[in-house]
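K.L.:
Protein chains in written order, with the working numbering: chain A, 12 to 458; chain B, 240 to 534.
Hint data in this document are derived by calculation from the structure and do not stem from the laboratory.
Please read all numbers here as calculations on a predicted model, not as lab measurements.
Glycine included, every Cβ here is placed at the ideal spot set by N, Cα and C.
Among these hints, one or two may not hold up.
Each pair of labels, with its calculated beta carbon distance range [as the list claims (entries may be wrong)]: (1) K274(A) <-> S430(B): 37 to 47 Å; (2) M157(A) <-> A252(B): 44 to 54 Å; (3) I360(B) <-> D64(A): 49 to 59 Å.
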Amino acid sequence: MHIHVKSRLQVFELASWNDRMSPNLTFASDESVYPGEVNSSITSSVVSPASIDKILTVQNLSKIFGPKPERAAEMLRQGLGRNEIFQQTGNMVAVDNVSLGVRAGEIFVIMGLSGSGKSTLVRLLNRLIEPTSGKVVLEGRDIAPMSTLELREVRRKKMAMVFQSFALLPNRTVIENVSYGLEVAGQKKTERHEVARRALERVGLGSYEKLYPTELSGGMQQRVGLARALAVNPSVLLMDEAFSALDPLIRFEMQNELLRLQKEEQRTVVFISHDIEEAIKIGGRVGVMKDGRLVQVGTPVELIQSPADEYVRNFFRNVDVSRFQKASSLLSKVERGVINCDTGVSAARYADELIDAGVECGYVCDEEGRYQGCVTPASLRKCGSSPIRDALLPDIVAVSMDADLHELSSIALRQEHDVPIVDGADKLVGVVSCRTILKQVMERRAA
Amino acid sequence: MNSSFIGQAAERAVNFLFLHFRGGFDTFSAALDTVVKLLQDGLAAIPFVVMLVAFVALALWRRGVVFAVFVGLAIMTIHFMGLWAQTVSTLALVIAATLFSLIIGIPLGIWGARNSRAELILRSLLDFMQTMPAFVYLIPAVILFGLGRVPAVIATVIFAMPPVVRLTTLGIKQVREELMEAGKSFGSTDSQLLWKIQLPNALPSIMAGINQTIMMALSMVVIASMIGAGGLGEYVLSGIQRLDIGIGFEGGLGVVLLAIILDRLTESFGIKSVKRRSKTRASKQTPREAAQPQT
Chain A
12 MHIHVKSRLQ VFELASWNDR MSPNLTFASD ESVYPGEVNS SITSSVVSPA
62 SIDKILTVQN LSKIFGPKPE RAAEMLRQGL GRNEIFQQTG NMVAVDNVSL
112 GVRAGEIFVI MGLSGSGKST LVRLLNRLIE PTSGKVVLEG RDIAPMSTLE
162 LREVRRKKMA MVFQSFALLP NRTVIENVSY GLEVAGQKKT ERHEVARRAL
212 ERVGLGSYEK LYPTELSGGM QQRVGLARAL AVNPSVLLMD EAFSALDPLI
262 RFEMQNELLR LQKEEQRTVV FISHDIEEAI KIGGRVGVMK DGRLVQVGTP
312 VELIQSPADE YVRNFFRNVD VSRFQKASSL LSKVERGVIN CDTGVSAARY
362 ADELIDAGVE CGYVCDEEGR YQGCVTPASL RKCGSSPIRD ALLPDIVAVS
412 MDADLHELSS IALRQEHDVP IVDGADKLVG VVSCRTILKQ VMERRAA
Chain B
240 MNSSFIGQAA ERAVNFLFLH FRGGFDTFSA ALDTVVKLLQ DGLAAIPFVV
290 MLVAFVALAL WRRGVVFAVF VGLAIMTIHF MGLWAQTVST LALVIAATLF
340 SLIIGIPLGI WGARNSRAEL ILRSLLDFMQ TMPAFVYLIP AVILFGLGRV
390 PAVIATVIFA MPPVVRLTTL GIKQVREELM EAGKSFGSTD SQLLWKIQLP
440 NALPSIMAGI NQTIMMALSM VVIASMIGAG GLGEYVLSGI QRLDIGIGFE
490 GGLGVVLLAI ILDRLTESFG IKSVKRRSKT RASKQTPREA AQPQT
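Excised from the complex, chain A in its bound form (with noise of 0.2 Å):
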């Protein structure tokens, strides 16, 4: 991480440089663009540099249920498989050594098919679940031998948990479930009362705070599991499958709800799902699961372009991936046919140029190296002597970095040319070119 906010750093000032020393330099993008890359300095700008380091560090984490763990764990190194195991010794292997790091301020997603091992895995990191071995490293300090104290300590101001069937007090209103961790905790009844009426306002239940669980609906409900975390302030929030038992609609309206409080106050999120739409719409990270074994850690982007294996590849089968392919991974550069120049010049001279460097249309950029719009041997031809601003073809429409492969092909369905991709300083970053979207379509229509 630290390496890619760096080097993004360096390009940024290497490319200004460029800009004051030589505007004329044909602009070739200086930032080598891998998609993994692109998006984590994305990710990057969007967290501050302090925040960066990992909140939540699992190291070599398993939980092995049944009667002989020591034994289940000697055939796993022997290099056994699960289903072995449990014939042989009666133990599941719920959890193999699973590491991974949670960064402030994140929305991590655990990912996986039922039985892989995410519920169990979310339950180790509060020891709900006692691991059988392996460290869970929340701020510097080791979970997994701690003391009874220490963990009810980490539990009352550290973590806190949503669950799948929400798990509301039904004997308790929901002001007093929401205040619950706090009531454990041995606040006072005025004290957290306020505490959780903010938090309940902060979901939107704000007027909801006399009635019981059992008179909301299914998504309020969870709204009020979501604030009986957050009224206890936890630097990680986990959530276990938090919106699978929500109809799709609430689901949705969930998710965005998540992301609205996640803009509001970062906050770190280890977030269960078993659902790849909900993984890829609020995750950071998506982390996938597959017999209790982390197979993939990577942003949806990362998982979409090059999924590890064929249990990764087969999540996104159904999933219209299109929204993910982004014109940054899709861009080829432009080696020739760009224009440096005042648009106010002469628009003659290119016109020889474009033609003796072979290319179709020129990309025309001002002296900083704004994108101004594209031009034809033929435009500039029929422009004759007058500005090169007059030459600009009118229907070429130039879109940004992350616009997706959908919007990409929309607009080349509207166009003849190559569609110009410009960066957030407007500078040409390169081209997609038709037949690279097409052959994206028809990829995707293959799978």
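Given the structure of chain A, go ahead and fit chain B onto it with the hints provided.
P.N.:
Here is chain B on its own, set in the frame of chain A:
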């Protein structure tokens, strides 16, 4: 007729207790007698009219007009048969026996829920207690505590305690696992889990247990009249001894009416929370049975 060595062993055990702990039993007996007598005298001191009004009001509050009318008529009937004093005496015994059953039984039930080995032991013990014919308890009770109220209450406690123990254990074990997880994940101590999550959620089950215990206490108190417990049972007993259908029927009717009143009243406390919730809900959401687990 002589018992085999099994019976003799039981006899020797009781005799051993009697010989070596007689002082202890006597002190205990005296203390218990004081409590029960206080309760009996206290209830007996309340004028009939006051009791009548109190019961009718309670019935009205808990269950409504129809039940209140029934309670009024039932108590008037008992009074008309001249059995009110006996009924109050029986009621006092039932209350005393139930209280002791709960004081011992609920903690035992909690223990059983938290410790599977304890549950195993308790279960066999409770099976024994429940299936042993009720009359059998009377014999050692008389030997150890003499005749009268005290052995009656003790035999009743032993006979009536199993339901509340069982249903407390069951109720606690049936508390949904996620609720326990939620409690733990927010850093509850064991006692916080017990008081804030397990007991409140086990309450309907525990109340059902209490209701059962009261019913069993009532039936045992009648049987215990054979060892001088007094009350309605004594009346029934004299009906049997004299083969007097009228006396037997009147005594029996008194027991039945008391049983119905106690059963319906205690039952209403078990469904209290559900009722209160449905009232607040009335205007808003679709009614859903509060006791139903959410999915």
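K.L.:
State for each hint whether it applies.
P.N.:
Results of checking the hints against the structure:
At about 40 Å, the beta-carbon gap between K274(A) and S430(B) stays in the expected band of 37 to 47 Å. Roughly 49 Å separates the CB atoms of M157(A) and A252(B), a value that falls within the hinted 44 to 54 Å. Hint check: I360(B) to D64(A), Cβ distance near 53 Å, so the stated range 49 to 59 Å holds.
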